Amino acid sequence: MVLWFILILPLIAAGLALSPSRHRTVPGGVTVLATALQLLLALAVAGRCASGATVTALPAWLSCDAFGALVLVLCAFAGFTAALFSIGFTRRATQPMEAGRVRRYFVRFNLFLAPVLAVPLFSNVALVWIAVALTTLLSIFLVSFDRSTAALEAAWKYAILTSMGAALALFGVLVLYWAMRQGGAEDFTWSGLAAAAGAMPPLLVKTAFLFMLVGYGTKAALVPFHSWLPDVYSQAPVPICALLSVVETTTLPYVIVRLLPLFPGKAGDGAGRWLLAFGLLSAMGAALLLVQVKDLKRLFAYSTIENAGIILAAAGLGGAAGYGSLYQLVNHALAKPFGFFAAGAALLFAGTTEIAAVQGLGRRSPLAGAALLAGALAVTGAPPFALFLSELSILQGGAVDHRFLPVALLTLCMVGAFCAVLYHVTRMVFGKATASGPVPAFPRSYALALFVAFVPVVLLGVSLPAPVEHLLRLAATALAR
Amino acid sequence: MPDPHISVTLVNELNLLAAGLFLLATFGLVATRQVLDCVALFAGQSVLLAASAALLGHEAASDHLYAVAAITIVAKALLIPWLLRRTASEAVVARREISQVLNIPTSLLIALGLSILAYFLAAPLRAAAPAGQVGVNLPIGLAALLIGAFTVTVRREALPQVLGLLSMENGAFFAGVAIAPDLPLFAELAAAFDVLVIALVMGLLTRKLQERAGSTSVADLTDLREE
Chain A
1 MVLWFILILP
11 LIAAGLALSP
21 SRHRTVPGGV
31 TVLATALQLL
41 LALAVAGRCA
51 SGATVTALPA
61 WLSCDAFGAL
71 VLVLCAFAGF
81 TAALFSIGFT
91 RRATQPMEAG
101 RVRRYFVRFN
111 LFLAPVLAVP
121 LFSNVALVWI
131 AVALTTLLSI
141 FLVSFDRSTA
151 ALEAAWKYAI
161 LTSMGAALAL
171 FGVLVLYWAM
181 RQGGAEDFTW
191 SGLAAAAGAM
201 PPLLVKTAFL
211 FMLVGYGTKA
221 ALVPFHSWLP
231 DVYSQAPVPI
241 CALLSVVETT
251 TLPYVIVRLL
261 PLFPGKAGDG
271 AGRWLLAFGL
281 LSAMGAALLL
291 VQVKDLKRLF
301 AYSTIENAGI
311 ILAAAGLGGA
321 AGYGSLYQLV
331 NHALAKPFGF
341 FAAGAALLFA
351 GTTEIAAVQG
361 LGRRSPLAGA
371 ALLAGALAVT
381 GAPPFALFLS
391 ELSILQGGAV
401 DHRFLPVALL
411 TLCMVGAFCA
421 VLYHVTRMVF
431 GKATASGPVP
441 AFPRSYALAL
451 FVAFVPVVLL
461 GVSLPAPVEH
471 LLRLAATALA
481 R
Chain B
1 MPDPHISVTL
11 VNELNLLAAG
21 LFLLATFGLV
31 ATRQVLDCVA
41 LFAGQSVLLA
51 ASAALLGHEA
61 ASDHLYAVAA
71 ITIVAKALLI
81 PWLLRRTASE
91 AVVARREISQ
101 VLNIPTSLLI
111 ALGLSILAYF
121 LAAPLRAAAP
131 AGQVGVNLPI
141 GLAALLIGAF
151 TVTVRREALP
161 QVLGLLSMEN
171 GAFFAGVAIA
181 PDLPLFAELA
191 AAFDVLVIAL
201 VMGLLTRKLQ
211 ERAGSTSVAD
221 LTDLREE
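Protein chains in written order, with my numbering: chain A, 1 to 481; chain B, 1 to 227.
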């Protein structure tokens with residue numbers, strides 16, 4: 001029952017946000033309440049999954065296991081913090097008379113959350129494909145919220161490229177169904193496919209895997225299909241960047257990694273090598289591109305690509321690094337919204353996202369400066385924050401399995417990205433203040449969103465709570481092959 | 001040369017005809033410059049997809065595939081062209097595309113190359129799992145998928161790009177009616193819903209482009225190019 005509630009709640013919230021009201025705060029308030037409720041329900045589901053159970057609402061269609069629960073909680077949490085930030089954002093980005101625009105923003109925000117939360121809950125692979133395709137289609141008008149032609153251009157690129165990817169993935173899904181029927185199985189679910197893995201023709205499974213890897217990889221912005229992502233993130237509103245970033249680095253690795261159990265025995269190495277190759281290429285490409293970035297939001301965008309690469313490369317390594325891959329997935333999804341919110345606060349005080357034009361942010365607003373610095377450290381995996389532990393766990397896991405070359409390359413990417421991001425951000429935070437004029441007050445909703453997003457990044461950086469670790473261990477069995 | 005994978009009966013002959021015309025319509029989408037003609041070609045392509053589904057349904061005595069054919073006709077041959085014409089303004093639909101990345105003969109040659117590639121890609125697959133009409137539908141569907149992707153990349157006008165995208169999906173489903181004939185009907189319905197959302201959203205986006213940028217030429221969108 002609880003799974004149905006999670007699916008229906010965003011639609012109800014969208015309907016409520018639509019109701020015409022003279023109070024501009026109503027749509028935002030409804031959205032915050034709904035996302036908070038989603039988060040609580042998702043945590044309840046995760047709690048049940050942590051004991052090893054699979055929560056099932058409709059067999060073969062709607063169920064949630066440990067891996068799904070992990071993705072569900074992360075997306076719900078990002079939805080909640082992004083909703084908090086959106087309240088302050090919409091107040092600043094619109095004119096007092098534009099209540100309709102604010103309403104449309106929150107309606108779309110809720111509609112977007114519905115397919116996002118559906119991806120980990122659907123068990124039928126064809127339905128999962130539809131949910132992934134809808135996450136693109138329902139976020140297009142959020143990306144083009146800003147009324148410039150540049151925002152429209154970004155939205156267009158986003159729509160066309162990721163929909164092309166979706167069509168390729170669709171072919172992969174259909175071939176996978178074919179393979180399953182050849183294997184004599186009936187159940188087109190993740191678990192049904194894994195059970196039939198030995199009986200399916202290997203050539204068909206491999207073809208399906210490659211089409212789905214490229215198709216979903218386009219949406220996950222793997223290099224060389226990444227070109228749309230920095231453009232979109234440079235134009236989209238900050239809370240949407242945060243949400244998109246989490247969606248792309250959790251749901252997409254989820255649907256790709258779920259295919260690994262279809263390769264029993266030796267064949268798993270072949271599939272793992274593809275993941276490793278795409279992952280390393282993305283991580284290295286993004287680390288290189290980070291050096292030349294001129295825009296703060298693009299900086300965090302390339303960091304998202306880098307992390308998606310690390311997650312997939314580690315999943316491809318398998319073994320001990322497979323656990324690290326999911327650990328990284330969790331930590332990145334917690335840290336990245338904080339990074340984007342900090343960038344949003346910096347934008348408010350600096351007036352621009354152009355890196356070279358900003359100096360001395362810390363003098364103008366110590367809180368925004370500190371947040372930006374902390375955000376940069378958090379998303380690149382500096383020691384006090386959670387990503388440091390997961391990156392270490394990936395490197396250790398790879399070294400234990402004697403995969404020294406990938407480990408060396410990944411280390412290079414992580415260190416390179418760290419240096420590049422820190423180089424850009426320290427130039428913005430320190431030095432003499434460039435912007436002048438009255439300093440705006442720090443918006444309360446920004447501060448609240450920053451605080452809520454910051455807490456888990458720090459807590460998980462200190463130690464991994466036992467229930468979370470248990471859930472991670474259970475989820476990592478999904479990668480076993 | 002008789003292909004051992006294709007048995008010759010009337011239904012099969014008709015399905016071959018539908019497949020040939022389907023590929024021809026896909027080529028048409030590459031070569032046609034009038035936006036309105038492109039919409040008509042897409043509708044025709046969807047009708048042929050439905051025809052193939054119905055023929056395979058007749059052969060396998062499957063109500064399921066008849067339902068797929070009906071869904072395809074309603075969603076893709078009727079609703080999508082209507083939606084695209086409704087959302088995009090007159091000025092867009094009536095436009096004749098002048099600028100093009102590649103001239104028409106070159107585009108057609110590349111499309112031809114892609115269909116041959118699709119045939120060779122599909123050959124080992126159907127050998128791995130020989131079954132009924134797969135020998136016809138798989139290579140043609142794959143060819144439409146690849147040519148659709150090519151159409152999206154060479155087109156400079158918004159609406160033809162969307163049609164290229166939709167023809168990619170048609171290609172995937174053209175293979176799908178043969179390789180996954182018993183895909184749950186609910187999934188088929190949801191997929192039809194998905195393409196309708198594509199048409200609606202992209203149509204609205206095209207309208208916004210027309211309103212704000214004063215043009216739907218995607219080639220003019222170069223603000224975000226990184227130096």
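The hints are simulated quantities; they were obtained by calculation from the structure and are not laboratory data.
The structure displayed is predicted, hence computed values, not measured ones.
Take the hints with a grain of salt, since some may be wrong.
[To be verified] With the Cβ distance kept under 7 Å, some of the chain B side facing chain A (calculated, not the full set):
#: 1; residue: V74
#: 2; residue: V201
#: 3; residue: R212
#: 4; residue: L221
Every residue gets a Cβ at the ideal spot worked out from N, C-alpha and C, and that includes glycine.
A quick look at each hint next to the structure:
1. For V74/B, the suggested interface contact is broken, since its CB lies about 18 Å from the closest CB of chain A, more than 7 Å.
2. Proximity of V201/B to chain A holds as hinted, the smallest CB-CB distance being about 5 Å (cut-off 7 Å).
3. A cut of 7 Å between beta carbons decides the hint on R212/B: the least distance to chain A is about 6 Å, and the hint holds.
4. With a cut of 7 Å, the hint placing L221/B at the interface with chain A holds, because the nearest CB-to-CB distance is about 4 Å.
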